[in-house]
Amino acid sequence: MTSLGDRILGLGLLVLAVAYGWAAQQWPEPFGGAETVGPETFPTMLAVVLVAGSLYLMIKPDPDAQWPIGKSAFELMVSLVVLVVYTLLLEPLGFVIATTLAVGTLSWRMGAAPKPAFLTGLLSAVVVFVLFNYGLSLSLPAGLLEVQ
Amino acid sequence: METLGFLMEGFAVALTPYNLMFALFGAFVGTLIGCLPGLGPANGVAILIPLAFTLGLPPETAMILLTAVYAGAMYGGRISSILLNIPGDEPAMMTCLDGYPMAQKGRAADALAVSAIASFAGGLIGTIGLIMLAPVLAKFALTFGPAEYFALFLLAFATLGGITGKNPVKTVVAATLGIMISTVGIDISTGTQRYTFGVLELYEGIDFILAIVGLFAISELLFFVESRMGRGRDKMNVGKLTLTMKELVMTIPTQLRGGVLGFISGVLPGAGASLGSFISYTLEKQVVGRKGKFGEGDIRGVVAPEAGNNGASSGALVPMLTLGVPGSGTTAVLLAMLISLNITPGPLMFTQNADIVWGVIAALLIGNVLLLVLNIPLVGFFVKLLSVPPMYLLPIVTMVAFVGIYSISHSTFDLYFMVAFGVAGYFLRKLEIPLVPIILGLLLGPEMEKNLGHALVLSDGDWSVLWASPLAMGLWIVAGLGLILPYLIGPLLRRRMNAAMKENPVSD
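Quick mapping for you: the protein sequence lines, in order, are chains A and B. Taking my numbering, the leading residue of the first sequence gets 1, the next gets one more, and so forth. Taking my numbering, the leading residue of the second sequence gets 1, the next gets one more, and so forth.
Hints are not guaranteed to be accurate.
Stated by the list, open to error - In silico DSS-like pairs for lysine-lysine, Cα to Cα no more than 25 Å straight-line:
#1 K60(A) / K285(B)
#2 K105(B) / K291(B)
#3 K384(B) / K115(A)
#4 K384(B) / K246(B)
#5 K240(B) / K293(B)
#6 K105(B) / K240(B)
#7 K115(A) / K71(A)
#8 K430(B) / K246(B)
#9 K71(A) / K430(B)
Derived from the structure by calculation, the hints contain no laboratory data. Computed from a predicted structure; not experimentally measured.
Full structure from sequences and hints, please.
Quick look at the structure:
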C-alpha cells in the first residue's frame, strides 16, 4: 500500500479525463456545419492522452512520498485557512490590518515569537502599502483606515 | 555584420536611463531571491511578473526587468551554497562541493569573489553564443509550417521534464493537464464556450499568471510550513579577500570551458543548468586530474560549475526567443510574460519585435556587468540577508504575491483561484508531478490547437500531414527520445550527483 498516492491520483485523473472528454462531445455543432477540426477535436485528443496516463499511474505507481501527519498537517491547514481568510478580509478590513494579521499569524505559526511576528507583519504591511499607494500609485484597499 | 547593427540598436534600447534603472533593480532583487534558500529563479520571476504588469511597463522594459531578475537569481544561488552548504537551487548543487570547503578554510570571501567572476564569464560566453546562434535559428525556423510547429510543441513538452525528471508519464500527464486548463474559455475559432460552466470570470480563460504565482509561490509556502526548516542561520564570517592575480589567471581556461559547455547544455532542450554545472565540474576534474584538490576546496571546483550554470541560463533563452519553446522552467515563465504582452514568441519576433529581442540581449550583457559590479561590494549585504530567518521572509514573500495579483485585477476572485492553484501545486509536487510542463501546457496549448487546426485544414483532414515532412518526422523522433532518454540517463545523473556530494562528507 505504499503507492496509494499515485493510485488515487490516477483514479482522480481518470474521472477528470472521462468527464472532460464527455463534455467535449456535448457541444452543439458550430454554425456552418462540422469541419475537420471542431472545438471538440483537441479536447478529445487530450482526454485520450490523459486516460492513458492515468491508467499507467494506477498500474505502475511510484512509491509514496512522506505525507504530513498530525502536527504538520494541522499547521498546513492553519496556513491555508490564513490565506483564505486574508483574501476574505482584504477589502473589508483594508490592506494594512489584514496583512498585519496574515503575515503575523503565518510567521508565528512557523515558529516566531508572537510579538516580533506581528511587528514584522505590521512593518511589512505599512512599507508595501506606502510603496504601492504613493510610490507606484497603485491603490490597495484602505478599508477601516480610510480617511473620509 | 547585420547582427552587430541590431545589437547596437539593442544597446540603444537597453541603455536608456529608464531601462537601465529597471535592469539594476532586477539584478539586485534577483540576487536577493537567488541567495535565499528555497527561492529559485522561477519563483523570483513569477513573483515579479504581476508587478511588471501593474506598473504598466513597456514590453521591452518589462522583459529587461525580468531577464535581469533571472540572471541575478543565477548569480545569487551560489552564495548559500558556499556559505551554508545549502544549494539555493539544483544547478547550485555542484558549487557546494568546493565552495563550502573553501569557506570552512576561511576563504569564503575568495570563493564568493571568484564565483562571481566565473558567473560573469559564463554569462558573457552564453550571451555571445546567444547572439551568434539565435538569428540563425530564427531564420531556419521561418521554414516551419503548422505541422512542424505542432511537432515542435510536442518536443518541448517531451523534453521539459528534463534530464532530472523522474517519470516521463508524469511529464505527459502534467503537460496534458496544463493544455486542458488552457482550453477553458471561449474557443477563438468557433466561439463555442468550453468548460466555463456559465461562470463569467471563466469566459476569457484562466489567467496563467494566477496559475504560475499560485503553483510556484504559494506551494513553496506550504512546503516550507511542512518542513519548517528554518530558524535562520548564524552569520557567517566572510573573511578577507586573499585572492591573488595568479590564481585568477589560472582559472581563465576553466571559465572558458565551463561557459561553453554550459551554453551548449542550456540550448539543448530539457538539459538545462543542472546538467551544465554538472558536466563543467566533471570535465574540469578530468582535465586537471590528480593535481587538483577537488572536493577539498579547489578554486577551479567553484569556477567550473558557476561558469557552467550561468552559461546555461543564457543558452536556455535561445530556443525560447527563436522558437517560442522554453528550455527551462524560468524561461517558461519569461515566455508567459511575452505572451501576456501580446508578443508571439518565435522566429517572427526577430523581425516584428526586433527592438525587444535585441534590447533583451543587450540588457543581458549589461546585466552581467551590473551583477559583477553589484556582487563584489555588496556581498556582505547578501550574506547578512541569509541570517534573516525564513519564518519572517516567506510570509512577506507570499504577501507580495497576493499584492501583485490583486493589483492586476482588483478582484478577490483571482486571489481564491491563486490559492487553489497553490494547494494543487502542493499536492502535485508531493506526487512528483512536475509543475513546469503544466505552465508550458497552459502557455502553448492555444498555439498548439491553432497549428493543429491549420495543418488539418491544409491537408483536408488527413492526419498523416502531422508527420509527413522529414523535418516534422525528425522532431517527432527527437521528442520520443526526449521522453525516453531521461528515463535512462536521469537516474544515472542523479546518482552521480549524489555520489559526488557524498564523497566529501561535510559537517553541517
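Handout entry: Agreement of K105(B) and K291(B) with the hint, judged by alpha carbon distance not exceeding 25 Å
Key = The given pair, whose Cα atoms are some 19 Å apart, holds under the 25 Å limit.
Exercise for the section: For the pair supplied as a hint, K115(A) and K71(A), confirm whether the alpha-carbon distance does not exceed 25 Å. Expected result: Answer holds: K115(A) to K71(A) is near 23 Å, not above 25 Å.
Practice task
Decide if the proposed pair is consistent with the structure: K384(B) and K115(A), CA atoms, cutoff 25 Å inclusive.
Solution key: holds (22 Å)
Handout entry: K240(B) paired with K293(B) [C-alpha distance capped at 25 Å]
Key = Holds: K240(B) and K293(B) sit about 22 Å apart, inside 25 Å.
Exercise for the section: Compare the distance between the alpha carbons of K105(B) and K240(B) with 25 Å, and conclude whether the hinted pair is satisfied. Expected result: holds (12 Å)
Problem - 25 Å limit on alpha-carbon distance, applied to hinted pair K71(A) and K430(B) - result: holds (18 Å)
Exercise for the section: Below or equal to 25 Å on CA atoms is what counts here, so check K430(B) against K246(B). Expected result: violated (48 Å)
Practice task
With a cut-off of 25 Å on the C-alpha distance, tell me whether K60(A) and K285(B) pass.
Solution key: violated (39 Å)
Handout entry: Hinted pair K384(B) and K246(B), Cα distance within 25 Å
Key = Status violated; Cα separation ~30 Å.
Consistency with the previously given hints fails for numbers 1, 4, 8, ordered from lowest to highest.
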